[in-house]
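*Asks:* Chains as they are written, first to last, in my numbering: chain V, 951 to 1166; chain Z, 951 to 1166; chain B, 951 to 1166; chain D, 951 to 1166.
If you're looking for bench data, these hints aren't it; they were derived computationally from the structure.
Heads up, some of the hints might be wrong.
Identical copies carry no separate label here, and so any pair may be met within one copy or between two of them.
Simulated pairs of lysine to any residue, SDA-like, Cα-Cα distance not exceeding 25 Å [to be verified]:
#1 K1107 - S1137
#2 K1045 - S1081
#3 K1045 - R990
#4 K1107 - A999
#5 K1016 - E1078
#6 K1107 - R1037
#7 K1016 - S1041
#8 K1016 - L986
#9 K1016 - D1109
#10 K1107 - A1141
#11 K1107 - Y1012
#12 K1045 - R1025
#13 K1016 - Q979
#14 K1107 - P1135
4 protein chains.
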Amino acid sequence: MVKSTSANLSPRKMPRQARSQATLEAIFQATIQVLLSEGRQRLTTIRVAERAGTSVGTLYQYYPNKQALLFAVVRRHVTEVGEQVRRAAESVHGKPLADIVSAVVSAFVRAKIDRIDEARALFSVAGELDSRVLVVESEERGLAMLTAVLRTATDAKFDDLPTAVYIFMAAMIGSTTYMIEGGAPPSILRAWGGQLESLCLGYLERAARSIHNDSR
Amino acid sequence: MVKSTSANLSPRKMPRQARSQATLEAIFQATIQVLLSEGRQRLTTIRVAERAGTSVGTLYQYYPNKQALLFAVVRRHVTEVGEQVRRAAESVHGKPLADIVSAVVSAFVRAKIDRIDEARALFSVAGELDSRVLVVESEERGLAMLTAVLRTATDAKFDDLPTAVYIFMAAMIGSTTYMIEGGAPPSILRAWGGQLESLCLGYLERAARSIHNDSR
Amino acid sequence: MVKSTSANLSPRKMPRQARSQATLEAIFQATIQVLLSEGRQRLTTIRVAERAGTSVGTLYQYYPNKQALLFAVVRRHVTEVGEQVRRAAESVHGKPLADIVSAVVSAFVRAKIDRIDEARALFSVAGELDSRVLVVESEERGLAMLTAVLRTATDAKFDDLPTAVYIFMAAMIGSTTYMIEGGAPPSILRAWGGQLESLCLGYLERAARSIHNDSR
Amino acid sequence: MVKSTSANLSPRKMPRQARSQATLEAIFQATIQVLLSEGRQRLTTIRVAERAGTSVGTLYQYYPNKQALLFAVVRRHVTEVGEQVRRAAESVHGKPLADIVSAVVSAFVRAKIDRIDEARALFSVAGELDSRVLVVESEERGLAMLTAVLRTATDAKFDDLPTAVYIFMAAMIGSTTYMIEGGAPPSILRAWGGQLESLCLGYLERAARSIHNDSR
DNA sequence: CATGAATGAGGTTTCATTCAT
DNA sequence: TATGAATGAAACCTCATTCAT
């Protein structure tokens, strides 16, 4: 078995033919499905190949080993969610705090819920050391991005911006993960966007010396 | 869905001899240590026994199977953290919201940080279905407890208490998990109690029709 | 009583490639050989695989577990012996008692002796509950078959046919098993067919009201 | 584990104190009970000790190893059954064939049925090499004994006495084993003595030059 | 003597990975 | 390229036996 060295975790090839592309995607989706239906412990290469409608041999043509498969699932998820949030953040540069929080939180929640299967599958892999690498990378990009946009808020200045941003992110990501994974009731799931916005905004307002503080 | 055998997850015997008691505890601690140093995937019964300074055979005298070992770790953690929070909550019945949040949050944070090894170990097992059972149970007790205490807050009434409590808990547990697991810098770790209190209180004040709302 | 899991005792796949077919048969024969040379207690999957010239992994591609291996050996033996006897019995419908007994007994003895390795191997597994299932099934078919043919005997009618048939079968199978397993001397082994015929015919004549009883 | 060398199979001590005697017997009976209720594969020393109401340690005070336990069960059974038959045979020296067969067969059947638990338990151990040794020994004594008594039959002389005796024994023991183990219906079980007598006598009369052959 | 905790070899089974077809 | 049979290391778990208490 391949030990968790950081080598060899990237896909083997990016095939140009359409058929190969389809196979690759089928394997990718199958990985998620097996993770959801069987759990991390029962995720085997043969099961994935079967669910994808191919054979193990073919699977190994695209991914050098099993870790790479998990890596791919995690990477795609965090990349895409990150991308959605980045776009939202860019569109509210230089707006008031409430607008920024609203845009960022709702983009995040939408992205997660659109990919809820991926999110849950990812969770069962969260304990894995190798997946952590990707998540930490993405976390750093997220912190930088949020720091940048919050600095432009027209109506709030933060004494300790790094801390505020960290808590913001922890609240947004952590509590959403808790909810998705904990099997929250539909009523909560529906209200999630608004509640999370309230949670984050409530915190950030407390953390900011609001510019109009005195005029209240 | 992941199959849940649910068979025989309770410890095999509670031995009376002092030697046995020590062995039992050594195995318990070894499980946590191996989980932390090697991760869930590399947690093997032999490795646990070795780290505990015994043999596999002995391990199996106390736990009927590997799942039971994990079960024991998770159960003890959630039980003890839950207990700390419960005590704190009882001591602030009928106090103002800020006091309640402060007491609950700081009890939770203290309990988690006192058991930070257990908490991290628990995380790498979070994906396992069997552990979920315990966590869900404990969640339900937590919700009931928080609902009860928040109802007694002298200065806040909630239109939608169930939702507010759920978000409160998700924020408290979820973001703490995120932080502990994400490897937060010491500066954050130190500030955690206060920040988390701010996060939760900010939210709950927004969610409450504050009694003195008008007099502001 | 011995617990009967009764799960998954049928072979895993019937492969089409010639290589696989050969492997399957090699494993089958190896099971018998190991049973004979080492006994049931020392029949291990690794030993079987080694003797078959393959690896354990391969063994498990064909049989889902060890029980299934034993099951296969027993099933094939009782099926084939049963088949031989059935054919012999059909060929003597409507003949005199002596002819019927002669045909049935000699077919049985020949079938057993032709497969004497299987027969001995089977014996060391006889205590196993799962094998009993098959044997009992085959016993029932045997009783039905013998009942049918004895009813057509031209020169004998039985007051209590069910009992007579049962004793006939018990004598035929039981004493042959005893002999094969007890390590009878070659002289006995050679004479077995005739002696067993004598044993069974002696009994059945006593059990029948012989039609020509009076004219003797 | 002790390999099946023929060493060390005898009980460790024959205790004189009554309490020890009782313990020894309890272990003996427990072995049979476990064999019947769990099967050979699940016969473990701990299970036997528990069922006997003692501890493994104590068990090992009386038997040097597990094989010795099985050995003891088998030995006692074959010894006692053999003894019953021997007494019956002695009582019919110099009597007619029918009397001899009747005495021997009914003694055998009675002895077996009186110890039917032992008989069944013994069966699940039959495949074991070590038990075979005892059975073969006892078989030899049996053959000698039956040869001796049949030679005194007043009304029958055998051309090939060794063969006749062997078949007699195989029929008696083999078919009884088949019946007991096959789970014969009660009707058969009740009729067994008479039927078996008929079986054996039918054969032996055919095998003998009956002295009064001419006078028929 | 009795107990039962401890040991660890050995058995069963799974699964990532390779490679001949 | 695709397939899936083969491999064997490694995981889980059991149990005969010993020995300190």
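*Asks:* Does each hint hold? Answer for all of them.
*Replies:* Verification of the hints:
1. Within a single copy, K1107 and S1137 get their C-alpha atoms only as close as 35 Å, which misses the 25 Å cut-off; across copies the closest is 20 Å, which meets it.
2. When the C-alpha separation of K1045 and S1081 is checked against a cutoff of 25 Å, the pair qualifies neither within a copy, at 35 Å, nor between copies, at 44 Å.
3. In this assembly of identical chains, K1045 and R990 lie within 25 Å of each other by CA distance neither inside one copy nor across copies; the values are 43 Å within and 45 Å between.
4. For the homomeric pair K1107 and A999, neither the shortest alpha-carbon distance inside one copy (53 Å) nor that between copies (54 Å) is at most 25 Å.
5. Taking identical chains as interchangeable, the C-alpha atoms of K1016 and E1078 lie at most 25 Å apart whether they share a chain (12 Å) or sit on different chains (18 Å).
6. In the homo-oligomer, the alpha carbons of K1107 and R1037 lie at most 25 Å apart inside one protomer (23 Å), although the nearest pairing across protomers, at 38 Å, exceeds that limit.
7. For the homomeric pair K1016 and S1041, neither the shortest alpha-carbon distance inside one copy (39 Å) nor that between copies (51 Å) is at most 25 Å.
8. Proximity of K1016 and L986 under a CA criterion of 25 Å is satisfied in both settings, with 16 Å inside one chain copy and 22 Å between copies.
9. For the homomeric pair K1016 and D1109, neither the shortest alpha-carbon distance inside one copy (46 Å) nor that between copies (49 Å) is at most 25 Å.
10. In this homomeric assembly, K1107 and A1141 come within 25 Å of each other (Cα to Cα) only across copies, at 19 Å, whereas the closest approach inside a single copy is 29 Å.
11. Taking the shortest Cα distances, K1107 and Y1012 never come within 25 Å of each other, neither inside one copy (49 Å) nor across copies (57 Å).
12. Proximity of K1045 to R1025 under the C-alpha cut-off of 25 Å is found in neither arrangement, the shortest distances being 31 Å within a copy and 47 Å between copies.
13. Taking the shortest alpha-carbon separations for K1016 and Q979, only the intra-copy value of 14 Å comes in at or below 25 Å, while the best inter-copy value is 30 Å.
14. Taking CA atoms no more than 25 Å apart as the test, K1107 paired with P1135 passes between copies only; the shortest distance there is 23 Å, against 37 Å inside one copy.
Of the numbered hints given earlier, the model fails hints 2, 3, 4, 7, 9, 11 and 12; all others are met.
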